[in-house]
Every structure is written in structure tokens, then in C-alpha cells.
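Knowing the structure of chain A, use the given hints to seat chains B, C and D on it.
Residues per chain are reported as follows:
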Amino acid sequence: MKDVLTPTQAAQKVKDGMAVMVGGFMAVGSPNRVIDALVEEKVKELTLIVNDTGFPDQGVGKMVAADQLQKVIVSHIGTNKITGEKMNNKEIEVELVPQGTLAEQIRAGGSGLGGVLTPTGVGTVVQEGKRVINVDGQDFLLATPLRADVALLKAHKADRAGNLVFRRAARNFNPLMATAAELVIVEVDEILETGSLDPDEVVTPGIFVDYLVRGEVQDNG
Amino acid sequence: MKDVLTPTQAAQKVKDGMAVMVGGFMAVGSPNRVIDALVEEKVKELTLIVNDTGFPDQGVGKMVAADQLQKVIVSHIGTNKITGEKMNNKEIEVELVPQGTLAEQIRAGGSGLGGVLTPTGVGTVVQEGKRVINVDGQDFLLATPLRADVALLKAHKADRAGNLVFRRAARNFNPLMATAAELVIVEVDEILETGSLDPDEVVTPGIFVDYLVRGEVQDNG
Amino acid sequence: MDKQEKRNLIARRVASEFKDGDVVNLGIGMPTLVANFLDSNKQVILQSENGFLGVGPAPEPGQEDPDVVNAGGQPVTILTGGACFDSATSFGIIRGGHVDATVLGTLEVDEEGNLANWMVPGKLVPGMGGAMDLVVGAKKVIIATEHCTKKGEPKILKKCRLPLTATKEVDLIVTELAVIEVTLSGLLLREVAEHSSLEEVQEKTEAELIIPEEVGVLK
Amino acid sequence: MDKQEKRNLIARRVASEFKDGDVVNLGIGMPTLVANFLDSNKQVILQSENGFLGVGPAPEPGQEDPDVVNAGGQPVTILTGGACFDSATSFGIIRGGHVDATVLGTLEVDEEGNLANWMVPGKLVPGMGGAMDLVVGAKKVIIATEHCTKKGEPKILKKCRLPLTATKEVDLIVTELAVIEVTLSGLLLREVAEHSSLEEVQEKTEAELIIPEEVGVLK
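Residue numbers (this note's numbering), protein chains in the order written: chain A, 481 to 701; chain B, 481 to 701; chain C, 240 to 458; chain D, 240 to 458.
Pulled out of the complex, with its shape left as it was, chain A reads as follows:
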């Protein structure tokens, strides 16, 4: 039985200076209510690990605009001009990572691997500062594990045991991040009784989840 938090209670688990993973791809599959609460709580100096910085008024973009971030580890910032401006003004440090490498780094962090070797980025600026490891004549970059203090995720449904299922393209980084943070908080559209999900349909087992938050669909009344 996982405890259900309000968005504010969830946001209060995030402390200044923490490393935070947030699910979502261009704000699809982002925990929007928790993000709104985080902005209200004015938590700051966060290191954000996220696919992209969304839009100035959507998803984690709101946290960029509210000056809550010290650093972003991210594959794309092109849809949020504010990120680029703050990067140029040295208000935010931006570490750009190829999307597939970012996914593997998070998966490695969650699954106890010391890293993975990827061909992506060889011969580009991405290679700078990375270890190059040659396997059978081919060069690969060593992508090291990423972990966070908190993961803030979005799922479609959860049961009371914390088992999660996702919907369409809203799955993206959410199941990966669920494995790679000390504390995992999941905003969900619907909370079901345990036993409502068949074990075969569960995407993220409940053991990865610490708290649930009700999303907009259930809680707009």
C-alpha cells in the first residue's frame, strides 16, 4: 500500500540542491501537478535530469522560467528558448547528451551497471572528456550511470501496490527513471485497487515506487 500525497506534499520532498529526474518528452508524460507545486514551493538550485526542457509554459519549462535550476542534463532544449538564454547568460549549466545515451545512462544507474559503451557521438564534440573504449576494432564512448535523489514521474494507472502502466508516448523516460532515484514519486491519472492489474501488463513493478500523487483526471472536481 503506497501512500498518496498531495502535489504540495510531493514537492516538499524535494530539497534545495537535489538531483531530480523528471519524466516526459516535450511535456507529454510529465507530472504536471507536481511540477506546478514545485514551482510554488520555490525549491531551488536543482540539477535536473530530463529529456528536454519542454516549453516555457509547459512541463519542466516552468521550472526553468522560475530560476529553480542550477544544471540541466538533457538531450534537447530547442523548444524552450528560455533555457538557451539562461545557458548563454551562464545562469544555467546545460549538459547536452544524445537521447539514446541519456536513456542508457539512467538505465545503467538503475540496474547496477558501471556504464555502457555506445557508438553514438564518436568523432563529435560529445566525445570530449569521455573515455573511448575500443572493442573489436570499433570505438565506443563510455556512458556512465546517472542517478538522482528524487524521480518525479507520470503514469497512466497505478494500483495500491504501486505497480504502474503507461499510456502511448507518455511512457518515454518514466519507467527508466523509476529505477534510478532514491525516492520515486508518481503522478497518476487513476489509482486502482491492488489486483486490478494483471502481473503481465505491469510495466513498472511497485517495488520501485515510493509515493503516488493523483493527477488532473481524477482530481478536477
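Hints in this document: simulated from the structure, not taken from any laboratory.
Model, not experiment: these values are computed from the prediction.
Idealized CB from N, CA, C, for every residue including glycine.
You may find that some hints are simply not true.
Unchecked claim - On the chain D side, residues computed to face chain B include the following (Cβ under 8 Å):
#1 A327
#2 F330
#3 G344
#4 D372
#5 T406
Frame of chain A; chains B, C and D shown alone:
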């Protein structure tokens, strides 16, 4: 629309000397009809990549007994004494790999990684012949990718587009192996019309699958 | 030929490259247009790197599903037989060579098959998103681009000057003027648009083109 | 004390180590017995490395599901709230530190916390299966074993002689005679069985035991 083969037609795709991955864990989730046909076809000198060698009369154990294997890459042979005997008689080369490493090697082979770094086996005989890579003060073994010419798998249901779902503990290595072989043949309990599976419930997308074979459940009449 | 006609010409020609059963990833922008020209007699399966296979056309207005968007964030549909997955699986599909072709726009491409399409230092730094993985992982990399920049300068260079997306990965370049194959000996001119000429194509291309005996017509 | 009583004693004591909410993987053989002694007031979630969480008791005869077996191949059930996954995910859970405790039998264990339980060269080479990953990945490694071999020789050694499963990973050793904690300074005797004595335990243990002021009673 994937073609549906008979077990014999499927077995005939496997040629002497090929590297073959076979799904299953102690014969649960093994493609039993295809294995029976392979034994009948007397295909030989195969390199088998599999979690375990099953039992003498179940799963890939039948291939061991029928002298079809030159080499086995495997995590466990304890339930099939014949494998151990043939290993001691130098009739089969046995490469023992920790189960989690085997899973990652197959996943790496299927996902274009040059390898993964695992802490498993450091300081044991598994380390012999492996590259040790130190990351942030900790030693890891480099596990390199595994691929095969053919993967022979078992799923619960497939649609005509080849999308697969698995059942309970019969999932095991099957989804991983589906990504890591040139030719992927899947024995299934049930073949459904395309559209019968929700995109969110598909475990292995149809693009990984080349052929389907009807399993025992449907075809025992 | 106005801008839209150019783009349609390019997209139509790119679409003709695919075989029945191909898995294709279309980049953001002009490459997305390619979907409009797919041969209905061939089954081409589109992959969207944000996490699904079986990308279908845009939904009717009012039918948009907020969870079903392509990698550019535009509402799309998922065709019957599609499948959804997480980002690690998505890039496993891409990096693992399970995508037969990717179509991308570019800022620069050169005679070695290098391309640069993800940043202009000091100006534009959107990030590479999935582009670096797609270019390294897809079996065939097709560049769909206008032949020159807005200022009329060549985009097809002897050597890329901008930071690279990947080295030696481009296979084919399709523009409104020509179809050019990247070979080990250099850029091989395959087709010239019927409204253009060998001379115009070479003039607007910085790299020297190899001209075979037979050059097809791009139309 | 017959063999079954010894095994039950060990299993009961191991079961008392778990906290509410713990995720536990029980090895094949005696460790599987631990499931019979779990405190019903605590929720302990059992993981089976062949691919699921929520291992339940053996089914009624005739109710076996061929697809629901534990890692030893025995028919079990999946409890409400369970979840199934592939082998990479299963070992991601294990290697990633998401298993709070694993319970394994052993051939040898030593004062540095090394263990050897997967092969006897020239005799028994079953393979390591999931054991090496479990021992490296689980937060707590509990060895559940009879104190001596069938021949009456110590299994708890100064230094393992058989090929290792992993180095310095064992946290706790539970036998029918004693509970021993592996510390940086050596093996710390925590409990002695009420039917045994300090002297018997030390005599049957090759490694020297550290005896604290208070030693508990194993019963």
C-alpha cells in the same frame, strides 16, 4: 503480415554450424515444437545461447542429448546431467556466464551497444580473459554483445503483425533474444488478428519478428 | 518552383527509396512530409523515437490525443498493429540497426558523409535530441534538404565546418536539384532535376561531384 | 535434532531478519523454506529471478500453472500485486540494489565474506545461474547453511578454497548452531543455538570467531 511456418519449416531455417538463441528458463517459455523439429532434422554443430540446458527430455536438453551442439553459452547446466557429461568428455564446449550478464550481453547485441560494465564476477574465475574497467574507483567486467544467426522463441500471443505478449515466467529471455538475431522465429499459443493487441500491451514489437509457428495449444487437434 | 513545391519534390523522391516492410524514422520538419508520399502498395512502418511504432496521419481536428504526438510534438495517430515502448527500447531499436532508414534535414553535409545538423556555436544550440543515435544506428541515412542555404550558399561541402552530428554516416542526399549518393570515392551524382542541369548542381555544390555515364532525371 | 528440524530452525531465524516492505530473493533449496516462516504482520515481497515479483505459496495439487514456477522450477503462485518481467529487468532489479536481501546456501564461506557455492572443479559444475548477480547486487547477503558438510567438516573457513561466487559480499551466516555476522574485523558471533555452546561452534568453525560480551540465543 508475418508468414506462419510449420515446426519443420522453422527448423529448416537453421543450418549446421549456426549460432542459435533459444528462449526459456528450465524449459518454461521454450519453443518446444520447434525444438522437436530441430531434433528430427538433425541440424548439427550449433552454438547455442540459452539460459540453461533444461532437462535431458525437456526443452533444449533434447538437443544436447541428440549431439547437435558444438558449444553452449549458458548460465546453468545443473538440471541436465548430460550436458555436464558431454562437457567433461569434451564433446561440448560450455561457456558459463552469470545470468544477469548473459541477459545484458544479449540486450547489448540487440541494441547496438559495444558492451556493458558489470560488477558481477569481479574477483572470480569469470574475470579470466575479460577486460576489467575501473569507473570511479570500482572495477567492472566488460561484457561484450552477443548476437545469433537465429532466435527460436516462445510467446503467448502474437498478432498477424508479429507483435508479441508473453505469459508469467515464460517471458524470461524471449524478448531480449528477439532483438539480437538475424532471423527471429516465434512459437505462439495463439495468433490473433492485427488490432487485437493494444499498442500499450505489446512487449515485443512486430518489427523484430520474422516468422510465427503455432504452438501446442492451438494445434493439437 | 516555390518552397512548398521544392519540399514536396524532395519528400516524394525520398519516399520512393523505401522497400516493403521497411522501418523508417522521419526527422522533424521537412522529413515529416515524406509520410504524405508513401506508396500505399508497400508497408512502411514509421518509428517515432519518443516511443512507438506505427505512426499514422494527423488526427481529425478535435480528435487529438495528448499522449499521441510525434517526436516533434505534433499530434499524430497510432496505426493498427502499432506498439509503444520506453525510451531505452526506442533507442535500442534505433542504435541496434532495426531502423532501415532515417530521413533528416541538415545544416551541412560533406563528401565523406559527415553531417552537421544540431548546433551553430554561439547562435543556435537546440541539442542533438535523438539525431546522433539515429544517424549512427539507422541502416541508411537519407538527408532531405534544400540544396542551398537561405542565403544561397552550398550546404553540400568538401568538409563540414559546424560541429558534427556523426562521421561518415550519410548514404544519400536528396535536394530539389539532385539526388547524390555518398560513396567511398566521393559524391556520386545519381539524378538531376528536370528543371535543373549538371552545371547548376555542380555550381551550387562545394564538393566536387562524380558524374557517371548515366545520370537519371529527378522529377 | 534431525535434518528437517535443523533446516526449519535456520529458515525461521533467517525469516526474522526481514523488515516490512523488504524485497527478498530466496535461493534454491533450503533458502526456499524461509518463505514458510515469514511474519504475516510484515509485507515481504519475494522476487524470483526467472521473472516476477510476488512469489506466493505452492498451488494446490492439480492447480499448477506451467508458466508459474520459481527459479528452481517448482510450481508456485503469483500473489495479488505481483508483476512479471524479462530477464534483463529481473537482473536490473537484482544488480541495481532493489533487492533488500538474498538468501543462499553455500559450499564454503570465509571470514572475509567471500563465498563459494557454484562449482567443485572436476566434480560438480552446475554453473552460477543467477547467484553471482544476486550476491553482488542484493543489499544484504544471508547465507543459510548447515554448519558443517555431510562429512562433518567446517564450511565456515579462514579462506575459501573452491572457486568464488563473489568476494566480500556476505553479511550474515545462519546455521543450526549459530548466527554469525561478517564484519571488517572478522566473523562476529551473534547467537548460539540453545542446544549448542560457544565451544562447539568454534570447534566446528575453521575461522576464528570474535566473541562479544553478549551472545544471543538462537532458538
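Check the structure against each numbered hint from earlier and tell me which ones fail, lowest number first.
Number 3 only.
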